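Trainee: Construct the entire structure; sequences and hints are all you get.
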Amino acid sequence: LAGAGACARAGGGRALGPRLHVPQPLAAGCGVGLPEAQRHYLFSVMRLREGGRARLFNADDGEFEAVVDAIGKRECRVSLLSRLRPPPAPEEGGGPTLLFGVLKGARLPTLVEKATELGAGALQPVLCERCAARSLNLDRLSAIATEAAEQSGRLSVPVLSPPLRLEAALAEWDAARPLWACDERGGGTPLARAAREAGSGALRSAGLLVGPEGGFSAAEFEAVAAAPGVAFVSLGSNILRAETAALAALAVVGAEEEAVGGEGKNV
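For the sequence shown, position 89 matches number 510 in the numbering used here, and the numbering has no gaps at all.
If you're looking for bench data, these hints aren't it; they were derived computationally from the structure.
From a predicted model like this one, the values you see are computed outputs, not experimental measurements.
A few of these clues could be false.
[Unchecked claim] Simulated restraints on C-beta separations:
no.	residue 1	residue 2	range
1	Pro583	Ala491	33 to 43 Å
2	Ser503	Ala527	38 to 48 Å
3	Gly635	Glu457	38 to 48 Å
We put the CB at the ideal spot given by N, CA and C, even for glycine.
Mentor: Now the structure itself:
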């Protein structure tokens, strides 16, 4: 929960306290009991006591100011006050889906964290021939995504799915949604141009496919090229690490979405 304790301020300068994602229903006037991990964070890390303020949020109900009613070594109960932000409208969507070759070591947690900060709506690990890793700790990665959402100010936490083989991921993709495959060979339309031509609605439902550290194999390139709805895109002439390419692609799509009218998106 590092970073989630950064305290935003209301219009009058009053600190609103640490920000916590709570999946249960939220409404002004309701009481909420927090789980052990969040109790420990507020009590032992942030040193909050009765009367302290926090912010609770989720994508369904929005974000609320909360006051601590009771807190100690065994429990934490808060009451929700006013709603600070409404939930995102359905038409705003949840952001692009990032499909990425499974990475090894510390690069995978970093990718999940930064992809969350950059607005990914869903994260789909993909198993490719050249993946250096084949397994991942979904619980730990989901916790990292949640912490990144708390820190970055977004209302939603990206959905992290179990890994799929590349063939299965391509077969399950809805061909009505654009799927841009980043081509390390240097081919394809520049992603910024493809995103600009797609329009804001398509950007929110688009997919970004990035290969593993060793790149796609020749057979995988053929499979990607043959999949319905897929278009190869370029991120420039430099060869990028897999995680760098994924984050660069998300940044390009996010910038283009804002440029075509997504500045007020409330995710």
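Trainee: Of the numbered hints stated previously, which ones are contradicted by the structure, given in increasing order?
Mentor: none
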